[in-house]
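If you want the building blocks of each chain, they are given just below.
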Amino acid sequence: MKVVVMIKQVPDTNKVRLDKRTGTLIRKGVPSIINPEDKNALEEALKLKEKTGASVVVVSMGPPQAEDALREALAMGADEAILLTDRAFAGADTWATATTLGHALKKIGDFDLVLAGRQAIDGDTAQVGPQLAEYLKIPQVTYVRELIVDDGKVKATRALEDGYEEIEAELPALLTITKEANVPRYPHAAAIMTAYREQEVALWGAEDINADPESVGLKGSPTQVKRSFTPPPKEPGQVIKSAPSEAARDVVAILRQKNII
Amino acid sequence: MDFTFSKEHQLLRRMIREFAEKEVAPVAEEIDRDEKVPFGVLKKAGKLGLMGIPFPQKYGGAGAGEVGYCILMEELNKICGSTATIIGAHTGIGAMAIYLDGTEEQKQKYLVPLARGEKIAAFALTEPNAGSDAAAIQTRAVREGDYFILNGSKLWITNGDIADVISVLAVTDPALGARGGVTAFIVEKEFPGFKVGHKEEKMGIRGSSTAELFFEDCRVPVENVLGMFGAGFLTFMKTLDVGRISLGAGCLGASDKALEMSMEFAKSRYQFGAPIAAKQAIQWMIADMAIEIEALRSLVYRTAWMLDAGQTGREFSTMAAMCKVLGSEVACRAADAALQIHGGMGYMKKYPIERMYRDARITRIFEGTNEIQREIIARNLFRRVGLRLR
Ligand SMILES: Cc1cc2nc3c(=O)[nH]c(=O)nc-3n(C[C@H](O)[C@H](O)[C@H](O)COP(=O)(O)OP(=O)(O)OC[C@H]3O[C@@H](n4cnc5c(N)ncnc54)[C@H](O)[C@@H]3O)c2cc1C
Ligand SMILES: Cc1cc2nc3c(=O)[nH]c(=O)nc-3n(C[C@H](O)[C@H](O)[C@H](O)COP(=O)(O)OP(=O)(O)OC[C@H]3O[C@@H](n4cnc5c(N)ncnc54)[C@H](O)[C@@H]3O)c2cc1C
Numbered sequence: 001m002k003v004v005v006m007i008k009q010v011p012d013t014n015k016v017r018l019d020k021r022t023g024t025l026i027r028k029g030v031p032s033i034i035n036p037e038d039k040n041a042l043e044e045a046l047k048l049k050e051k052t053g054a055s056v057v058v059v060s061m062g063p064p065q066a067e068d069a070l071r072e073a074l075a076m077g078a079d080e081a082i083l084l085t086d087r088a089f090a091g092a093d094t095w096a097t098a099t100t101l102g103h104a105l106k107k108i109g110d111f112d113l114v115l116a117g118r119q120a121i122d123g124d125t126a127q128v129g130p131q132l133a134e135y136l137k138i139p140q141v142t143y144v145r146e147l148i149v150d151d152g153k154v155k156a157t158r159a160l161e162d163g164y165e166e167i168e169a170e171l172p173a174l175l176t177i178t179k180e181a182n183v184p185r186y187p188h189a190a191a192i193m194t195a196y197r198e199q200e201v202a203l204w205g206a207e208d209i210n211a212d213p214e215s216v217g218l219k220g221s222p223t224q225v226k227r228s229f230t231p232p233p234k235e236p237g238q239v240i241k242s243a244p245s246e247a248a249r250d251v252v253a254i255l256r257q258k259n260i261i
Numbered sequence: 001m002d003f004t005f006s007k008e009h010q011l012l013r014r015m016i017r018e019f020a021e022k023e024v025a026p027v028a029e030e031i032d033r034d035e036k037v038p039f040g041v042l043k044k045a046g047k048l049g050l051m052g053i054p055f056p057q058k059y060g061g062a063g064a065g066e067v068g069y070c071i072l073m074e075e076l077n078k079i080c081g082s083t084a085t086i087i088g089a090h091t092g093i094g095a096m097a098i099y100l101d102g103t104e105e106q107k108q109k110y111l112v113p114l115a116r117g118e119k120i121a122a123f124a125l126t127e128p129n130a131g132s133d134a135a136a137i138q139t140r141a142v143r144e145g146d147y148f149i150l151n152g153s154k155l156w157i158t159n160g161d162i163a164d165v166i167s168v169l170a171v172t173d174p175a176l177g178a179r180g181g182v183t184a185f186i187v188e189k190e191f192p193g194f195k196v197g198h199k200e201e202k203m204g205i206r207g208s209s210t211a212e213l214f215f216e217d218c219r220v221p222v223e224n225v226l227g228m229f230g231a232g233f234l235t236f237m238k239t240l241d242v243g244r245i246s247l248g249a250g251c252l253g254a255s256d257k258a259l260e261m262s263m264e265f266a267k268s269r270y271q272f273g274a275p276i277a278a279k280q281a282i283q284w285m286i287a288d289m290a291i292e293i294e295a296l297r298s299l300v301y302r303t304a305w306m307l308d309a310g311q312t313g314r315e316f317s318t319m320a321a322m323c324k325v326l327g328s329e330v331a332c333r334a335a336d337a338a339l340q341i342h343g344g345m346g347y348m349k350k351y352p353i354e355r356m357y358r359d360a361r362i363t364r365i366f367e368g369t370n371e372i373q374r375e376i377i378a379r380n381l382f383r384r385v386g387l388r389l390r
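Line order of the protein sequences matches chains A and B. Be aware that the first sequence starts at 1, since it is given in our numbering, and climbs by one per residue. Be aware that the second sequence starts at 1, since it is given in our numbering, and climbs by one per residue.
Hints in this document: simulated from the structure, not taken from any laboratory. Warning: the hint list may mix true and false statements.
Stated by the list, open to error - Lysine to aspartate or glutamate pairs mimicking EDC-like chemistry, simulated, CA-CA at most 16 Å apart:
id	chain 1	residue 1	chain 2	residue 2
1	B	LYS189	B	GLU144
2	B	LYS7	A	GLU198
3	B	LYS58	A	GLU198
4	B	LYS7	A	GLU67
5	B	LYS7	A	GLU214
6	B	LYS7	A	ASP86
Everything numeric in this text was worked out from a predicted model, so none of it was measured.
Extracted from the complex, chain B is given alone in its bound form (with noise of 0.2 Å):
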C-alpha cells in the first residue's frame, strides 16, 4: 500500500493551489454576487491546461488521470464553488461522456477543443418531468435521413447557456424505454433548433449559470450519436459515475476550507479571556469536521485510484455514489459547523463563510440526489447477495 501522491500530482496541485488564490481569489465574491460567468478565468485554466485534466494528452488533455481531476476540483473548491461547477459540468460529465463513449473522429473534433478549453460543454439530462427519473425523459429523437431531429427540452443544465458543445440524452424508441430505446447524441450549439430559455437564479453557485434547453426540429447528424444507438443511458449513467468522485473532491475541498477557517478564527477570537477554542464544545466541532474529512479524502483518492487502474465495475459505482453522499453531506455538515463557529461573522455576506454555506447546499442535490444514491449503493449491496431489487 501507498499513500502518496506521485511527484507530478504534487506539482500539479501546487500549480492549481497558485492558479486558485491569485486567479480565481479575487472574482470569487463578485461572480456570486452578480451571477456572472468568470470567462476569464475560464479563458486563463484552458490556456493552462486545466480544461482537460483528466483526458489523455492525445486528445488535448493533460493525461493526469482521475487523480490529478480530484486535485483540480479539491483545490478549486476551496476557493470558489462557481467555478468548480462550472469546469465540473464541462470536464467531468459534459466532455467526459465524449471521452468514455465517443468515436475516434468524435473525439478529434469535440474532446480536443474542449478538452483545451477552447471550446465549452454541458450535459443536458433532466427534464421538467425527469429528475430523478432519468428513465422518464421525453425529448424525441426521430431519424430522418442522415439526421435525427430532435424535439423536447431539458431543465436546470449547468452551462446550459454558454456551452458549445452539449451531451444530450433523448427517446428514440418509446417502446424499449431506458433498455434500449434511449440514445445519446452530440449537439452543438449552432445546430439549426437548438435554442437557450430561461437562465435561473439561484441559492448558490451563483457564478455558474443555469439554463433551460430547446430543442425544436432540431437537427442533429447521424454520425453525432454518441456511443451505441440505443444505449444511452448506458452512456450517461457511466459517465456520472465518474463525476461523482470529483464531485466528492469537490466537497472535499470546500470541507477543508471551511476546517482551516473555523480554527483560524477559533485561535484568534477570544471570549471570556481566551480564544473560543480553549471551548470543548468549539473542540468537538472541529475534530468531527477533521474525521470526516480525513474519511472523505480516503474514499475520494481510493476511488480515483480504482478507476485510473481500469477497476469499473459494479464496486466502483458503489464507491462513486459513495463519494458523493459522503461528500456533499460532509462539505454542507462542515459549512454549517464553520459557521456556527464564526458566529455573526459567519452570517455577514463580507465574509466567505456565508457564500460556502450556501455553495455546499446544492451537492446533495445535483448529479443525482443522495436519496436516489443510497438506493444505488444499497442496490449493489443486496446483489451481492443475490436479492435483485428494482
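Just chain A, with the same shape it has in the complex (with noise of 0.2 Å):
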C-alpha cells in the first residue's frame, strides 16, 4: 500500500505579518514548520506503515526552503519525499495548488490512500484537499478523526459539530485529517540526521508533472487575493454572576434588549 501525505510549510505563529501593497505573506524572519494538520496526517500514514508495511510518500509545493519541512517529514519516518517548486507554481490560489498537487499524483500513479491536513493555519482555506479529490476524481472525507484501511476500504470517523459520522469509502481516496485523530510523534534524533545527511528530497518543476504553465501558479488561478486583514478581535463577554434563578432572567432580559429573542 502507498500513503500519499500533503504537506504544507507554514509559518509559525498565526500573527503572520502580510505585505499590505500585494496582499501576500511576508515570510522573512518567521520560523516555518510542518502545518499542524499535516502533522496529524503524517502521523495516520505513519501508524498504517507500522501496521500494515505500507510506504510513506510526502509531497508539497512551495518554495526550495519548504524542503525542510519535507526533512522533518523523513526524520518523523516518512519514505520518499518530492518537492514540486518551480517560478511557474507562484501566487498559485487553492485551485492551481490543487491543480499541481494533482498533476504530481497522476505522477506517482500507484497511491491507494491520499491524506491531506484539514486546514492550513495561513490560508486557512480548508479547500486544496476537496478540491484534489474533486481533480483526481477520487472519494473524499473530510475532517477525519479515525481510520481503518481494510481490504481496499477505508473506514473513516467524521468529527462534526455536533456529533460523528462514520463513512466507508473505496480506496484510492483522499481524506483530510483533524488534529484530534493522533498526537504527532517526535523525530528520532539519529533520524534528523539522517534526513539531512543521507536522505533524498526529489525536487519536480512544472515540466517534470506535464503541467501546462497556464494551469497553475498566478495563471492558472481563478481567485486573487485582493486584502487581507485582521478582523478586530472579539469584544470580551459579559460574565453573569449572580444567582442561577436571578442569571435566567438578567441572560433574556439582555438577549431582548439586544433583539436575538
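Got two chains here, separate frames each, mind docking them using the hints?
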C-alpha cells in the first residue's frame, strides 16, 4: 500500500505579517514549520506503515526552503519526499495548488490513500484537500479523526460540530485529517541527522509533472487575494454572577435588549 | 568563518525544545521537591535517541556530535537541572569514557545499550580521600586469574544507585601512582561485590541521585579493563575534558532561561508607576547577563566544534576548562541576578527561579572545581612559554 501525505510549510505563528501592497505573506524572519494538521495526517500514515508496511510518500508544493518541512517528515518516518518547486507555481490559489498537487499524484500513480491536513494555519481555507480529490476524481472524506483501512476500503470517522459520522469509501480515496486524530510523534534524533545527511528530496518542476504553465501558479488561479486584514478582536464577554434563578432572568433581559429573542 | 548551526542541528534543537517543554517541564518541580529520579522522562528520552546524542549511529547514538550534545544540554538545562545532570553523567562522562577508549567489543556490549537509553551509566572517580586530588584514589584492583578484584569505595557518584554500567578508576600499581599505576574498569551493577551505599540529600539538582559505591572483593573480568592497562588516569582526564564543554552548554541554557524570565518579569512588574525595566539598575543587570551569555555561547560552541573537527590537543583541554569555569560562573551570576530582579517572588518555592538558583551552584564544584580548572588553564598557558608547573 502506498500512502501519500500532502505537506504544507507554514510560518510558525498565527500573527503572520502581510505585505499591505500585494496582500501576500511576508515570510522573512518567521520560522517555518510543517502545518500542524499535516503532522496529524503524517502520523496516521506512519501508523499505517507500522501496521501494514505501507510506504509513505510526502509531497509539498512550495519555494525551495519548503524542503526543510519535507526533511522533517522524513525524520518522522516518511520513506520518500517530493518537492514541487518552480517559478511557474508561484502565486497559486487553492485551485492552482490542487491542480499542481494533482499532476504530481498522477505522476506518482500507484497510490492507495491520499492524506491532507484539514486546514492550513496561514491560508486557512480547508479547500485544497477537497479540490485535490475532485481533480483526481476519487472519493473524499473530510474532518477525519479516526480511520481503518481494510480490504480495499477505508472506514473513517468524521468529526462534525454536533456528532460523528462514519463513512466507508473505496480506495484510492482522499481524507483530510484533524488534530483530534492523534498526537504526532517526535522525530528520533538519529533520524533527524539521517534525513539531512543521507536521504533525498526529489525536486519536480512544471515540466516534470507535465503541467501546462497556464494551469498552475498565478496564471492558473481564478481567485486573487485583493486585501488581507486582521478582523478587530471580539469584545470580551459579559459574565453574569448572580444566583442561577436571577441569572436566567438577567440573560433573557439582555438577549431581548439585543433583539436576539 | 560560519557561525550558523547546520539545518539538522536546528531541527534537533526544535525537537529537543519541544520535548523539554512538553515532557520534562511538567515534572521538574516535583522531582526536585521529592528527590525523585524521572525514570519516565529518561525512558522517553532514550526512545528518541536523546541518551546517546554525540555517539555515532553504529554505536546506537544519534551521530549528532558534540555540537548536537551541547544543544541537548543547553535546551534541557533551561527546563530542568536535575534531568540535564542525569543525562550529563550518563552520556557526557559515563558512556563517553567507553566511547573514547573502549574496545570495539566493549562498545558493542556496553555503549550501544547505553546510547539507546536501555541502560544507565555512571562515572566513578571521587573517593573520601580523593576529590580535587584525583591521583590520590585508594580503590585497589588486584589481578587474580581472569579477573581483577576491586576493593574500596567511591563517593558522590551521580546515577550511582541507578546505573547499570559504571566506569570506575582504581589503583593497579601503588608504586607507579597516576602515571602508569591507575586503571579504568567497566563495572556492571550485577558484578559480585558491588554495592550501593548511602544516597545524599542535596541543595540542588535534587532529582538526580548522588550515591556512595562500595567494592568488596568485586570481581571484574579482565576484558573489562577500559583503555590501556595502567593508563586509566588519562582515560578519565580525557573524558572529563569532553564533559566540561557540555557542562558549559548546560550552564548556557540555564543562564539564557534566567535572562529570558528576568526580562519578562522586568517588563510586566510595575513599581513607581513604570515597569522596573525602566530602572537603570535593572537594565544593567540585564545587559551584563546578556554580554556574558553571548561570550559563553561563542566559547562553548567553538570548543564543541573543535572536538567535532578532531582538534583535541592541549589547546582543546584549555578551552574545555574555560567552558566549565565561564559557564558555571555565568550561570551562578545569572541565577543570582534573576533572583534579585524577581525580588521576593524569586525567593519563593512556587516560582522556578528559586530552584534554578540552587541548581546552578553545583556547577562550580563538580567535574573538577573551578579552582582546579584555573590551575589547568594557567599550567597549560605557562607551558606555551616554556615553564612547566606541577
Ligand atoms: C492569508 C492567505 C489567504 C489566502 N486566501 C486565499 C483564498 O481566499 N482563495 C484562494 O484561492 N487562495 C488563497 N490563498 C493562497 C494560497 O492559495 C493558499 O495558501 C494555498 O493554495 C493553500 O491553501 P490553504 O493555505 O488555505 O490550504 P488549506 O486548503 O487550508 O490546506 C489543507 C491541506 O491541503 C494541503 N496543502 C495545502 N497547500 C499545500 C501545498 N502547497 N503543498 C502541499 N499540500 C498542501 C495540506 O495538507 C493542508 O493541510 C491565501 C493564502 C494566504 C496566505
Ligand atoms: C552533586 C555532586 C555530584 C557529583 N558527581 C560525581 C560523579 O558522578 N563522579 C565523580 O567521580 N565525582 C562526582 N562528584 C565529586 C566532585 O567531582 C568533587 O566534589 C569535586 O571534584 C571536588 O572534590 P571535593 O568535593 O573533595 O573538594 P576538595 O578537593 O576537598 O576541595 C575543597 C576546596 O579546596 C579547593 N582546592 C582543592 N585543591 C586545590 C588546589 N590544588 N588549588 C586550589 N584550590 C584547591 C577546591 O577548589 C575546593 O574549593 C560529585 C559531587 C557532587 C557534589
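16 Å limit on alpha-carbon distance, applied to hinted pair LYS7 (chain B) and GLU67 (chain A): Roughly 11 Å between the alpha carbons, so the hint for LYS7 (chain B) and GLU67 (chain A) holds.
Pair hint outcome, LYS189 (chain B) versus GLU144 (chain B) [Cα-Cα no greater than 16 Å]: Answer violated: LYS189 (chain B) to GLU144 (chain B) is near 20 Å, above 16 Å.
Given pair status - ASP86 (chain A), LYS7 (chain B), alpha carbons within 16 Å: Status violated; Cα separation ~22 Å.
Agreement of LYS7 (chain B) and GLU198 (chain A) with the hint, judged by alpha carbon distance not exceeding 16 Å: Cα-Cα ~13 Å, so holds.
Given hint GLU198 (chain A) paired with LYS58 (chain B) - CA-CA distance at most 16 Å: Holds, because 15 Å separates the two Cα atoms, which is no more than 16 Å.
Restraint status (C-alpha distance of LYS7 (chain B) to GLU214 (chain A) at most 16 Å): At roughly 35 Å apart (the allowed maximum being 16 Å), GLU214 (chain A) and LYS7 (chain B) break the hint.
Violation of the numbered hints given earlier is confined to hints 1, 5 and 6; the remaining hints are satisfied by the structure.
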